[in-house]
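Chemist: These protein sequences, in sequence, are chains X and C.
First residue of the first sequence: 61, per the working numbering; consecutive thereafter.
First residue of the second sequence: 61, per the working numbering; consecutive thereafter.
Be aware that a few hints might be false.
Note that identical chains are pooled: a pair holds if it fits in a single copy or bridges any two copies.
To be verified - In silico DSS-like pairs for lysine-lysine, Cα to Cα no more than 27 Å straight-line:
| hint | residue 1 | residue 2 |
| --- | --- | --- |
| 1 | Lys220 | Lys235 |
| 2 | Lys113 | Lys221 |
| 3 | Lys99 | Lys71 |
| 4 | Lys99 | Lys235 |
| 5 | Lys235 | Lys113 |
| 6 | Lys235 | Lys71 |
| 7 | Lys85 | Lys235 |
| 8 | Lys120 | Lys67 |
| 9 | Lys120 | Lys71 |
| 10 | Lys220 | Lys120 |
| 11 | Lys221 | Lys99 |
| 12 | Lys221 | Lys67 |
| 13 | Lys221 | Lys85 |
| 14 | Lys235 | Lys67 |
| 15 | Lys120 | Lys99 |
| 16 | Lys235 | Lys120 |
| 17 | Lys67 | Lys99 |
| 18 | Lys85 | Lys67 |
| 19 | Lys67 | Lys220 |
| 20 | Lys85 | Lys220 |
If you are wondering where the hints come from, they were derived from the structure by calculation, not from laboratory data.
All values reported here derive from a predicted model rather than from experimental measurement.
Protein chains: 2
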Amino acid sequence: MLSFSSKLVEKAVEQFATLPGIGRKTALRFVLQLLRRDKAEVDAFLDAIRQLKEETHECKHCHNISDQECCDICLDPRRDTTTICVVENIQDVISIESTGQFHGVYHVLGGIISPMDGIGPGDLHIDTLLQRAELQPAREVIFALGATIEGDTTAYYIFKKLPRRDELVVTTLAKGIAVGNDLEYIDELTLGRSITNRIRFSL
Amino acid sequence: MLSFSSKLVEKAVEQFATLPGIGRKTALRFVLQLLRRDKAEVDAFLDAIRQLKEETHECKHCHNISDQECCDICLDPRRDTTTICVVENIQDVISIESTGQFHGVYHVLGGIISPMDGIGPGDLHIDTLLQRAELQPAREVIFALGATIEGDTTAYYIFKKLPRRDELVVTTLAKGIAVGNDLEYIDELTLGRSITNRIRFSL
Chain X
61 MLSFSSKLVE KAVEQFATLP GIGRKTALRF VLQLLRRDKA EVDAFLDAIR
111 QLKEETHECK HCHNISDQEC CDICLDPRRD TTTICVVENI QDVISIESTG
161 QFHGVYHVLG GIISPMDGIG PGDLHIDTLL QRAELQPARE VIFALGATIE
211 GDTTAYYIFK KLPRRDELVV TTLAKGIAVG NDLEYIDELT LGRSITNRIR
261 FSL
Chain C
61 MLSFSSKLVE KAVEQFATLP GIGRKTALRF VLQLLRRDKA EVDAFLDAIR
111 QLKEETHECK HCHNISDQEC CDICLDPRRD TTTICVVENI QDVISIESTG
161 QFHGVYHVLG GIISPMDGIG PGDLHIDTLL QRAELQPARE VIFALGATIE
211 GDTTAYYIFK KLPRRDELVV TTLAKGIAVG NDLEYIDELT LGRSITNRIR
261 FSL
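Isolated chain X, as found in the complex:
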């Protein structure tokens, strides 16, 4: 149990300890490092967090986080607006963007259907997705959701609601062995999927 002689230090430590994965010892290291910084540096730190909270918007098209009304991805004329990648949250957008392999647009659901957590279809941005699929109109909808029961349920629910058009292809992420992994460490379900869905070998 850490003992502080300053209430203000204790308060700051407790605030940092609310961040995910941060205990009081690590929080104290953050606090002591901030104390050593110039006022201008601490102000820059505070401003960045304040702006993050007060000046970001939810993109009116895809519900991604954005600095304007509409996010950079939706505004980018080089992106293919007929390919919509459905993701759970903005972290997934960042992950997929970081691969550099996707050139369509996103739709952030804001969660997945999870009766255990009391999250139903009505809590998610599904209506706007169906509108976009109809209006843009979409040629492909990709379900980039987690390989979990909740992810599968959500994909199935949306799939049933999507317009039935011959030109609309619905896809999902490939399941298989992770790049760099040895076979012996892979669970049987994943390995089974990777054999069933094997792809043509190429160099």
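Using the hints, position chain C against chain X.
Modeler: Quick look at chain C alone, frame taken from chain X:
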């Protein structure tokens, strides 16, 4: 390499990534969690850091961090002001206070003598320590510095400057095996010290 569609998110991630031991992926987790919080919660977070920087003082006696001009430890009438524990920084005060084993007062040097880092005796709060040792007057000065060359040098330098009085005892932290450690994992120097400075067995 993470790719952000929002400059404000990127700015906040970069600020969190300046904290010790925090990379951009962890910083992003912090940012996404802050985004999910109420404005009031984020304001409390920001206020705690702002107050930490703007409203804390250095205690005029011991240079510990404090909410007032003088820290809670120096103000506490139950503390023995004739026993001064000399430490490198405020983190050490917190560590020793957390043991609950020390009831004297502290003196925070603000660093240790380290020619490699360009830190000389003039950069540390040594003058005020010598004044306190003279005026309070001290009956014991404890060097609670790291078991390093720099720690030993600093202790030696201060020791030579301390007033020569029969009533003044100068001590240092015991070196020995850590509680809970097996002998086989202890380095020879430490084990040697723990034999040389062995203490009477008691239950």
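Chemist: So which of the earlier hints does this model not fit?
Modeler: 2, 4, 5, 6, 11, 12, 13, 14, 16, 19 and 20
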